[in-house]
Amino acid sequence: MLKVVSLLKRAEGLSKEEFAKWVVEDHLAFARKLPGLRRYTVNVAVAEDAPYDAVNELYFDDEQARVAAFASEDGKAAAADAGAHTSSRVHVLTTAHELF
1 MLKVVSLLKR
11 AEGLSKEEFA
21 KWVVEDHLAF
31 ARKLPGLRRY
41 TVNVAVAEDA
51 PYDAVNELYF
61 DDEQARVAAF
71 ASEDGKAAAA
81 DAGAHTSSRV
91 HVLTTAHELF
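Sequential numbering from 1 applies to the sequence shown in the numbering used here.
These are calculated hints, taken from the structure and not from any lab test. No residue lacks a Cβ here, since even glycine has one placed at the ideal position from N, Cα and C. Do not take every clue at face value.
To be verified - Between beta-carbon pairs, the in silico distance windows are:
{"hint": "1", "residue 1": "Leu93", "residue 2": "Phe30", "range": "15 to 23 Å"}
{"hint": "2", "residue 1": "Ala68", "residue 2": "Lys16", "range": "32 to 40 Å"}
{"hint": "3", "residue 1": "Ala96", "residue 2": "Arg32", "range": "18 to 26 Å"}
Work out the full structure, taking the sequences as your base and the hints as a guide.
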């Protein structure tokens, strides 16, 4: 399974509470529409001095499914929504190994 880990910093002017609501509730509508997305996890930072405000995990069967998802109109809409609510996004492609 391929996993995209997205490290997100909130946009200027968004409070931590506003950002948390967006990433947990509002952005979910975009994620639900991504073709081929198998699992979606949102992790909201707790510490005030955390380097990122959230870490999202998007699971796909393989690289082909990931590329197709983000190339789709729904993928482009999700990226635009994320761009409007974040000041920085770092994506790391990984292979997921559930060990226990």
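Hint check:
1. Leu93 x Phe30: 15 to 23 Å: 20 Å, holds
2. Ala68 x Lys16: 32 to 40 Å: Holds, at about 34 Å.
3. Ala96 x Arg32: 18 to 26 Å: 20 Å, holds
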